[in-house]
Each structure stands twice: as C-alpha cells, then as structure tokens.
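**Student:** Chains as they are written, first to last, in this note's numbering: chain E, -17 to 279; chain H, 81 to 319.
Since the hints were derived computationally from the structure, they do not count as laboratory data. Since we're looking at a predicted model, the values are computed, not measured. One or more of the hints may lead you astray.
Here are the simulated DSBU-like cross-link-like pairs (lysine-lysine), alpha carbons at most 35 Å apart as the crow flies [stated by the list, open to error]: (1) Lys72(E) / Lys236(H); (2) Lys301(H) / Lys171(E); (3) Lys64(E) / Lys198(H).
Here's a subset of chain E near chain H, in silico, CB distances under 7 Å, partners left out [unchecked claim]: (4) Arg153; (5) Ala154; (6) Asp158; (7) Ala165.
Facing chain E, a subset of chain H residues (Cβ under 10 Å, in silico) [said to hold, decoys possible]: (8) Thr153; (9) Phe171; (10) Asp181.
Virtual Cβ for every residue (Gly too), placed ideally from N, Cα, C.
One letter stands for each residue in the lines below.
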Amino acid sequence: MIDFINFYLVPALAIGSVYALGAVGISMIFGILRFAHFAHGDLMTLGTYGVLAAAAIFPVNPLLLVPFGMVLAIVSALLVDKVFYRPLRKLPTIYTVISSFGVALIFRSLVQLLWGSQNQVFGSGGVRPPLVLFDTFRVSVLHVQAVVATSVIALFLHFFLSRTKTGRSMRAVSDDPELAQVAGLDTEKVVRWTWIIGAALAAVAGSFAAMDTSAHPNLGWNLLMPMFAAAILGGIGKPMGAMAGGYIIGLAEELSSYHWIGDHALISPSYKTAVAFVIMIVLLIVKPQGLFKGRLL
Amino acid sequence: MSALLSVRGLTAGYGGPPIIEDIAFDVQPHEIAVILGPNGAGKSTVLKTIFALTSIASGTIDFDGTDLARCKTSALVTLGVSAVPQSSNVFPNLTVDENLDIGTYAAPPADKVATHEKVLHLFPDLRAKLKQPAGELSGGQRQMVAIGRALMCEPKLMLLDEPTAGLSPAYLERIFDLLLDIRKTGVTILMVEQNARQALQIADQGHVLVNGRNFASGTGKELLADENVRRSFLGGAAT
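Chain E extracted, bound-state conformation (with noise of 0.2 Å):
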C-alpha cells in the first residue's frame, strides 16, 4: 500500500496535475474560438524554456521564475493569434487548425535554434531528497507543489469563471458566440483573455513537467494527445472537467502500470500512453460530449 502511495499515486497525480493544466486551455480555445490547438503543446514547451532562460540568469528556486515563462507564453499566443489565427476565424476551421501546426512547427524551431535541441534540465541535475512523512511515506517535492499549485489555481479559475464580469462572458461567448454579440459582449476582449490563461497554464504544466524530468523541444508535443483527451473527457468547453479529466487520464496512465493481479505490472510501463488513447477513442465512441457534458466536436 505504502509503495501503491509513493510510487504510483502521488506520480499519477503529478502527472495529472500536468494534463489538467494544459487540458484547461486546449479545452477553452475549443469552447470559445472553436478549434482544436495543436500548438499548444509547444506553446507549453516554449513557456518551460523562458523559465529555463530565467534560471540561468536568477540562481533562485525555478518554480519562483514559473511567471517567466507565463509571460513569454502569454505574449507568443497573442502574437500568433493577431498574425496567423485572427485572418482566419470567419473562414471554416479546419484552416485555423491546420494553420496551428504551422505555429507549432514555428514554436518548435524557435526553441531548437535558441537553446538546442538537447535535454536540458533545471538547476543542477541531481537526485533531489524526498519528503518525508509519518517515517513511511516519501514522496517527490515537486508532485506535492504541482498538486497543491494546480488545486489553487483550480479554485481561482472557478471563481474567475463563475464571479467575474470576464469569467461570466467568457462561459456566455462558449455557450453561444452569435448571442454574445447580440447581447453586447466584447467577443475579442474574450478571446484575448481565453489565450492569456490558456497560455500561462501551459507554462505552469510544462514547467512542472520539466523540472520533474528534463525540457526538451519536443516535450509539449509528447503530451499533447494525453492533455486533448483529457479535454474531450471533461467535456470540450468545460475548464473544470478539462482538469478532473487531466487527474482521471494521469491516474489511468500511471495507475495501469501498477501490479493489481500477481507481481507484474498490468500493462508494461510503455506501454502507458497508450491508456489515454484508448480512453479518448472509447470516449468519443460511447460519450462524446464528455463526463461534465461539453460541446459535441
């Protein structure tokens, strides 16, 4: 049991935590601007690099330079978006969706020129000691604080969409963007606002998946599908089932590995990121429009 808890749970919810993050964004742009962004992995990836390039200036704890990251994320989604996504939105979107694999290609190359394409990692690479509690559990540091930040975020985000003027007109431009406009709403205020906390998220994610492993380019890319079915799971246009979805699909992945029936693992450890596959596709078949009744796509 303790074993099932340091090795299994605890990772699970880390990794979790990492998928609700990134499936919150991916799930809003869907909602509100009605496609599927296939840049946001890289976008995440991009965002996990500014905090790197702020670690190598700040010798501070790198979670403390998370906000850089969110910054250079923020900035490039609102770029892209002015550039290459906002000529597009009255055209059908599968334009705009293909034109977000060109930004993610874009965002991929950009991070390979400036920093290379090796594995990087934060600070200076060792094992770092876990905590320890009641003498019996010992469990990773970071999962706890991805965890604990991704359950803070999570209430913030929920009163942000349920309290504010913006949150409010956000949920009303996702139910029905043509009575949005009717009834007054500044639609692009909205969109701007759907990318500067898709985008900051993402940052978070990549940057606790990172500091967890090591930054790579392809590191968004690599848990870009995992986080998209996490989104359809919750229910596209649905935030806070894109984040139980992202802790169900976490669970699954890493709770499949796990030896339920004799000594071996249920299903080879790689073999793992195929459960979120299965579990998207089995989805989209019997319930597509998620647990928490999002858009159909």
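Since the structure of chain E is already known, use the hints to place chain H on it.
**Tutor:** Chain H alone, transformed into the frame defined by chain E:
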C-alpha cells in the same frame, strides 16, 4: 413626434441575393410595432439587419440620430437597442441570474439592483429559478429569461423575433400581456410575430411584408380590418 427608429430603402441579405428589398417603416417612441408576413417574407431578416447580423446592400436605419447600418452588433446595446433572437436566446450553461447579469455588461443600468428587481417583478416565476441553469427551463421560462436579459440594460428599443414561437397558448397570452407591461415602462418594442391576429390586437403599428418587400402598413386596428391582410394572413373573417 419624430420616429425613434426610421428604416429607409433597406436592402439586405446573407451574402447572396437580397432577402429584403427597399424596406421602409418607422417606429415611434413607446409604441409596440409588429412585422408580419408569410413564411419566407424576410421578417426575421429585417430584425437581424437592424442588429447588424446580415450584409446590407443599401439603405439606412436611423435610430435616435445614429445610422445603425454602420454599427457593429456588439455596439448596439450601448446605443440602447437590445434584442431577443427567436431560438438560442439564452446561455444554457449559465444560471438564470448569470443570464440576467450578462445583460448589464455592455450598458450597465443606473441602478443594477433596482433594474434586477424590476425585471423579477415582471417575471416573478424566475425568482425561484435564479440559481438554475437556463438550459434546464421550459420554453416559456427561457423566453422570459431572454426578455429579462434584454431588459437589464434598460433599452430604449427592444427587438423580439417571434417571442411566442413554440409556446403553449397559456404562455402566449402571458407573453403578450408582458409586452404591454414592458411598453408601460417606456420601452419601445419592435417584434416579428407569427400569431398575427393576437399581435395586431396589442400593436400600435403593423407592417406586413411579402416576398421581402413592404406590402401594407397601418395601425393594429386598421390591419385587422383590412380585407386583403385578413384574407392573406389572418385566416379569413374578422373576429
């Protein structure tokens, strides 16, 4: 008295051939005006055009000295024009209270609490449903939320596209009574309505369209008495 809304030579459509051509009518302050006509006459297109949701080929829409033909949809609420579309007229995942609140964002009323109370006074049924998602309400209740949302910005002119569509006869009567109450608060109403006879009974002015063009105009009583209008749109003899 000068008209609050004056439409002249309005030709518009959805990018292809025009749906409405050379439309002209006036709406006086504090009146209920109704646009009638058979299916496909372009009634809803007139409202959508006023609300900048179509492509205007020519014409003017003068509202209180501003040409709405040059305005964006999202700017109209700030000018004092609010609209209730025929379908999809509430935000289904937002609560009733949030739907009403959304109505104040573009043009906040002088006293939001008082306006909120005024709207709930008009629609007392909504008071118990404030925390319920609007998508869970019945058709009639949704219509009330939609009209309530449109009233929250204290508009000078309210556009309604078939407010009784799909409602039971009981709700139909209530909606017409409510429109009379709303008119008493000083709001001018321009609506498109399929229930022509009932609409003309409460309307100060009626405008009949056929094939996207003006066919007849007059007071509600005049149109109800007009033989041509009665035979074509009101199902025969006068009642």
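**Student:** Can you list which hints this structure breaks, lowest number first?
**Tutor:** Violated hints: 2 and 3; rest satisfied.
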